[in-house]
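With the sequences and hints as input, model every part of the structure.
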Amino acid sequence: MGTRSTALDEAVRSEVGHLLEGVAVDLIALSLNLKQAHWHVQGPTFKQVHEQLDEVLADVRTYSDDAAERAITLEVSIDGRPAAVAKSSVADFRTGWLDAQEAVALVADELGAVAARAREALPTLEEKDPISHDLVVQIVSGLEKHLWMLRAQTR
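What the sequence shown shows, in full-length UniProt numbering, is residues 1 to 155, in sequence order.
Check the hints yourself; a few may be wrong.
Simulated crosslink set (PhoX-like; lysine-lysine; CA at most 25 angstroms straight-line) [stated by the list, open to error]:
1. K47 / K35
2. K47 / K87
3. K47 / K145
4. K35 / K128
DEER-style ranges, computed between Cβ atoms [said to hold, decoys possible]:
5. E10 / P130: 17 to 25 angstroms
6. E69 / P44: 34 to 42 angstroms
7. G112 / A86: 18 to 26 angstroms
8. R119 / E55: 21 to 29 angstroms
Honestly, the hints are just simulated from the structure, not real lab data.
Just so you know, even glycine gets a beta-carbon here, dropped at the ideal spot from N, CA and C.
Set out below in C-alpha cells:
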C-alpha cells in the first residue's frame with residue numbers, strides 16, 4: 001500500500017477512527033433532522049428560523065465531512081450509510097408541522113446531545129491523537145455556538 005499517511009500505529013488509528021465515526025454518524029443524523037425541521041417549521045418567525053436552520057445545517061454537514069475524512073486519513077473505513085445512521089441516538093425526530101419555537105427547542109436539544117457525545121470522545125482523542133482531538137474540539141465549539149444562538153431565542 002505504500003507509505004501510511006500517519007505515524008500512528010494500527011491499534012491507535014482504529015480506536016481513534018471509530019470514535020470519529022461515531023461523531024460523524026451523529027452529525028449525519030443531526031443534519032437529516034435539521035432538514036426535517038427546516039421543511040416543517042411555521043409561525044410568525046418562520047423565515048428567521050428557516051434560514052437559521054439552514055446555517056446550522058451547512059456547518060453540521062461540514063463537520064460530519066471533516067470527522068469522516070479524518071477517519072479515512074487514519075485509514076479507517078467508516079459506515080455513514082442510512083442503516084448505520086438510523087442506529088444513532090439522534091436518528092429519531094418528530095414528523096409533521098412544527099411551530100417555530102418548538103422547532104428551535106427540538107433542534108437545540110439535539111445539538112446539545114450531539115455535542116455532549118462528541119465531548120465524551122475528547123479525553124481519549126487527546127491522549128491518542130492530538131490532531132483528531134483538535135478537530136473534535138472545533139466541532140464541539142461550533143455546535144455549542146449554534147446551541148447558544150438557538151437557546152437565546154427561547155428565553
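Hint by hint, here is what the structure shows:
no., hint, result
1, K47 / K35, "holds (14 angstroms)"
2, K47 / K87, "violated (32 angstroms)"
3, K47 / K145, "holds (20 angstroms)"
4, K35 / K128, "violated (34 angstroms)"
5, E10 / P130: 17 to 25 angstroms, "holds (18 angstroms)"
6, E69 / P44: 34 to 42 angstroms, "holds (40 angstroms)"
7, G112 / A86: 18 to 26 angstroms, "holds (21 angstroms)"
8, R119 / E55: 21 to 29 angstroms, "holds (22 angstroms)"
In summary, the numbered hints that this structure violates are 2, 4.
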